[in-house]
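J.: Sequence:
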Amino acid sequence: MRDIWWADLLRAVTGTGARSDTELAAVARLLGFGPVRREETPGTSDIVLPEVQPAAEESALDPAGRLVTPLGRDVATRDGPPVAVLEPITAEPIEATLRPGPVLPPPSSGANRSPLPHQSLLAPRSAPAIVQFLVSREVADGPPDVTAAVGLIAAGRPLSAVPCEPRPTLRFGAQVLIDLGEGMRPFRRDQSDIRDAVLALLGEGAADVLNFADAPLRGAGPGRRSTWNDYAPPESGRPVLLLTDFGIGGDPASVRRAEQGEWLAFFDLLRRHRCGSVALVPYPPARWPAALRARCAMLAWDRKVTVSHARAAVR
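If you use this note's numbering, the sequence shown corresponds to residues 21 to 335, in order.
These are computed hints drawn from the structure, not numbers from a lab.
Among the hints, a few may not be true.
Simulated DEER-style distance windows between Cβ atoms [what the hints assert, rightly or not]:
(1) E255 - T326: 28 to 38 Å
(2) P126 - V327: 46 to 56 Å
(3) D271 - A181: 24 to 34 Å
(4) P164 - R208: 44 to 54 Å
Keep in mind it's a predicted model, so treat the numbers as computed, not measured.
Glycine included, C-beta positions come from ideal geometry on N, C-alpha and C.
Work the whole structure out from these sequences, hints included.
T.: Below is the structure:
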């Protein structure tokens, strides 16, 4: 028996003269075509696709009106009883393949948590030596400089005084300027560490510790901001140590942010008083203002810094 196609349906409709929907549906059913329910998609609501019935050897209706499949299972027709639902014979428990681990204790409340230990920006082993180098000043009062003396004699110049090798000294003391601006807020404890190290090294009589905010020329003093006065440079020859970020950190739109012109005026004041300056900056050199690097020696405030880095920065 050959398959029945749409062309066969068209020949049957033409031959029987069917015109109404009922007659067309009757002819289609006789040839094995029937409507199929499917979800409508946009633009296809008027299309009805036929459903091809299975061959006689695959399924058939029994006298009770039920459709019998080749596997012997009964499937209810549209007018028959509902399809039977299979029920499980047994319920097997689901066994966990992971072994339960130990139960963690509940987290403690925030009030009982101990703060994390403070780690200074400078390595503890090298910090004292770095601070000592930064607040010292080199003077030519070391051992005789034989090389320099021979050079003068060979050049035929009079040797009025024996040249001496330079060596660092702390006898001039130092002035420490601590920036309390908004940008340096994350480094308050590090500033306190450097201040304490300088006081322990020089003593309160030789260490002049002053606070300022954003720029020293706006006012400075040892206590609270309400007690600050106009900045006064130290005596000639005393080195100045700055703990500042030169306006790198903080809010870029802050109205209190220091301008480079204020810092340039400050360094000009130190130069007129013959005071050298060096700054500990808690940011990498790539962010340092180029105009200020030419006026002040700068050292990256970082744990990788050593005395050799400090010596190279000051020179």
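J.: Any hints from earlier that this structure breaks? Give me their numbers in increasing order, please.
T.: Of the numbered hints given earlier, the structure breaks just one, which is hint 3.
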